[in-house]
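This is what each chain is made of:
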Amino acid sequence: MEIRALSVSEVNGYIKRCLGTDPILSGITVQGEISNYTLHSSGHLYFSLKDSSSRLRCIMFRDSARKLSFAPSEGMKVMAKGSISVYERDGQYQLYIREMSQDGLGELYQAFEQLKKTLEQKGYFDDNKKKALPFLPGRIGIVTSAKGAAVRDIITTINRRFGRAEILVYNSLVQGDNAPRQLCQGIEYFNSEEHVDVIIIGRGGGSIEELWAFNDEELAKAVFASEIPVVSAVGHQTDFTIADFVSDRRAPTPTAAGELVVPDVQQVNRKLSETIYRMEAAIERHIRLNAVKLKSIKESYGFRQPLDRIVQFKQQLDEDQERIRRALGVYRNNRRMDLEQKAAKLDSLSPISVLQRGYAVVREARSGRAIKSVLQVEKDNNLDLLLRDGTIDVRVSKVKRGQRF
Amino acid sequence: MKKNLSFEEAMDRLEEIIKLLEDGELDLDKALEVFEEGIKVYRYCTKKLEDMEGRVKVIMQQQGGVVEKFDLELEGD
Chain A
0 MEIRALSVSE
10 VNGYIKRCLG
20 TDPILSGITV
30 QGEISNYTLH
40 SSGHLYFSLK
50 DSSSRLRCIM
60 FRDSARKLSF
70 APSEGMKVMA
80 KGSISVYERD
90 GQYQLYIREM
100 SQDGLGELYQ
110 AFEQLKKTLE
120 QKGYFDDNKK
130 KALPFLPGRI
140 GIVTSAKGAA
150 VRDIITTINR
160 RFGRAEILVY
170 NSLVQGDNAP
180 RQLCQGIEYF
190 NSEEHVDVII
200 IGRGGGSIEE
210 LWAFNDEELA
220 KAVFASEIPV
230 VSAVGHQTDF
240 TIADFVSDRR
250 APTPTAAGEL
260 VVPDVQQVNR
270 KLSETIYRME
280 AAIERHIRLN
290 AVKLKSIKES
300 YGFRQPLDRI
310 VQFKQQLDED
320 QERIRRALGV
330 YRNNRRMDLE
340 QKAAKLDSLS
350 PISVLQRGYA
360 VVREARSGRA
370 IKSVLQVEKD
380 NNLDLLLRDG
390 TIDVRVSKVK
400 RGQRF
Chain B
0 MKKNLSFEEA
10 MDRLEEIIKL
20 LEDGELDLDK
30 ALEVFEEGIK
40 VYRYCTKKLE
50 DMEGRVKVIM
60 QQQGGVVEKF
70 DLELEGD
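In order, the protein sequences belong to chains A and B.
For the first sequence, numbering that gives the first Met the number 0 gives the first residue as 0, with consecutive numbering after it.
For the second sequence, numbering that gives the first Met the number 0 gives the first residue as 0, with consecutive numbering after it.
Honestly, I wouldn't trust all of these hints.
[As the list claims (entries may be wrong)] With the C-beta cut set under 8 angstroms, the calculated list includes, among others, these residues of chain B facing chain A:
1. 3
2. 4
3. 6
4. 23
5. 27
6. 39
7. 41
8. 43
9. 55
10. 59
[Said to hold, decoys possible] DSS-like mimics (lysine-lysine), calculated; alpha carbons at most 25 angstroms apart, straight line:
11. 220/A to 116/A
12. 66/A to 76/A
13. 39/B to 270/A
14. 80/A to 49/A
15. 47/B to 270/A
16. 292/A to 18/B
17. 29/B to 130/A
18. 56/B to 146/A
19. 292/A to 29/B
20. 378/A to 397/A
21. 294/A to 29/B
22. 76/A to 49/A
23. 46/B to 270/A
24. 270/A to 18/B
If you are wondering where the hints come from, they were derived from the structure by calculation, not from laboratory data.
Here a beta-carbon is modelled for each residue, glycine too, at the ideal position from N, C-alpha and C.
Full structure from sequences and hints, please.
What follows is the structure, encoded as structure tokens:
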């Protein structure tokens, strides 16, 4: 088939349409290394992805670039997701990137899942291992960077809600290779050196690599081993780290951690005032009831015996005392009678009291075994008869079965 | 009243005391005794709140594991 000569634009436009309808090219993920990286003032990113033998031109528009969780840089290994299309002006095809992540995160994620599974099996996340937070901690330990935004959020929140807590900040790195060790040391410090009632570990938001220190196994062990309750506050609402699973409570943000560890002082004060009010009301009622009783007693006597008030009161007092003494006496008597009854019952059950009533116990002389049946005895056996005041040795001359007396 | 009650335990005890008083089963002497204990626990709670120090200290790691403390200056928002 012969077709007319095409213009350059027509060719490029045609190629663009071809690429646009290709099911693979319209949605691919490309792995490579960033080179010739340029961040344009418009906010768009221009660079190439390359491997050892080839390169691919890429563009990432501002709207997509804004969602990146890391800052791309020269030489960085990435996975880029997007579509291949043609830049018609230059007749060049390029990758239009919609999403990009750092390569190697797949491995990180696997390591995370693996550690999570191991620790879960060891019982590190069990609910029954979680310690309750104190209602009112006198001292609060925070393990985080003393310069970070997180520590400021936590302290501001605690002070706003409560105002008067003592806060100890253990300065620690919160990202990088040395961070887990320092975080552990912070937890251990509060457990052994300077006691606090609750510990907060955490940091502000960041990329997955920046939060990675909180996925450390040693840190998980330190949190688990801590005798002091630990609250984790790592990153934002959506970030979950191993430390969050092991800790006794997870706070979605540093601010929320502040809210978790201290109560609202106004609420506490309200509750306290309520208790005193209720106690006073109750005791007043008690006194009123007793006063009414006293009054009725007083009036019944008062009409018939016109003594003066003091004498009445004295008499009343004497009577009351007498009543208490009587009541106590009755109580004691009851107790004594109760005891005597119990003693009598015990006594009647005792074998000695049976002997007192004239019965005897028969025992085989050799073994001392009690004889309860004629079947246990044969002629010429030696028996002991135990009576109230002594023993009689006897020899059996005859055994008669089934006969009584 | 027991010594070294935590704030929470003290609040729980207050609640118990109120229940005892509100039930009205106690005789007056006992009720007064319990009421006095309640007032003591209440004062203890209030004092515990007032005695708390609003202090912020920072513990820095130095080389050789030495620990130094000073008050943290919070930068204003």
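Checked hints:
A hinted interface residue such as residue 3/B counts as satisfied when its beta carbon comes closer than 8 angstroms to some beta carbon of chain A; here the least separation is about 12 angstroms, so the hint is violated. Checking residue 4/B against chain A: minimum C-beta separation of about 11 angstroms lies over 8 angstroms; hint violated. Evaluation of the residue 6/B hint against chain A yields a held restraint, the C-beta minimum of about 4 angstroms falling below 8 angstroms. Because the smallest distance between the Cβ of residue 23/B and any Cβ of chain A comes to about 7 angstroms, under 8 angstroms, the interface hint for this residue holds.
Against a cut-off of 8 angstroms between C-beta atoms, the interface hint on residue 27/B holds, since the closest Cβ of chain A lies about 5 angstroms away. Of the supplied interface hints, the one on residue 39/B is violated, with its beta-carbon coming no nearer than about 11 angstroms to a beta-carbon of chain A, more than 8 angstroms. Taking 8 angstroms as the C-beta contact cut-off toward chain A, the hint placing residue 41/B at the interface holds, the least distance being around 5 angstroms. Given the 8 angstroms rule on beta carbons, the hint for residue 43/B is violated: about 11 angstroms separates it from the nearest Cβ of chain A.
A cut of 8 angstroms between beta carbons decides the hint on residue 55/B: the least distance to chain A is about 5 angstroms, and the hint holds. Interface restraint check: residue 59/B against chain A, minimum CB-CB distance 5 angstroms, threshold 8 angstroms, status holds. Distance check on the hinted pair: residue 220/A and residue 116/A sit about 14 angstroms apart at the alpha-carbon level, within 25 angstroms; holds. The suggested pairing of residue 66/A with residue 76/A holds, with an alpha-carbon distance near 18 angstroms, which does not exceed 25 angstroms.
Pair hint residue 39/B plus residue 270/A holds up; C-alpha atoms about 16 angstroms apart against a cutoff of 25 angstroms. Only pairs whose Cα atoms come within 25 angstroms are accepted, and residue 80/A paired with residue 49/A is accepted, the gap being roughly 15 angstroms. At most 25 angstroms may separate the alpha-carbon atoms for a hinted pair to count; residue 47/B and residue 270/A meet this at roughly 15 angstroms. Straight-line distance between C-alpha atoms of residue 292/A and residue 18/B comes to about 23 angstroms, which keeps the hinted pair within the 25 angstroms bound.
Between residue 29/B and residue 130/A, the direct Cα distance comes to roughly 37 angstroms. Violation of the 25 angstroms bound is thereby established for this hinted pair. Note on residue 56/B and residue 146/A: the hinted pairing holds, with a Cα-Cα distance of about 13 angstroms set against a maximum of 25 angstroms. Note on residue 292/A and residue 29/B: the hinted pairing holds, with a Cα-Cα distance of about 17 angstroms set against a maximum of 25 angstroms. Of the pairs offered as hints, the one joining residue 378/A and residue 397/A holds, with about 6 angstroms between alpha carbons and a cut-off of 25 angstroms not exceeded.
The suggested pairing of residue 294/A with residue 29/B holds, with an alpha-carbon distance near 21 angstroms, which does not exceed 25 angstroms. For the proposed pair residue 76/A and residue 49/A, the alpha carbon gap of about 9 angstroms is at most 25 angstroms, so the pair holds. Only pairs whose Cα atoms come within 25 angstroms are accepted, and residue 46/B paired with residue 270/A is accepted, the gap being roughly 15 angstroms. For the proposed pair residue 270/A and residue 18/B, the alpha carbon gap of about 15 angstroms is at most 25 angstroms, so the pair holds.
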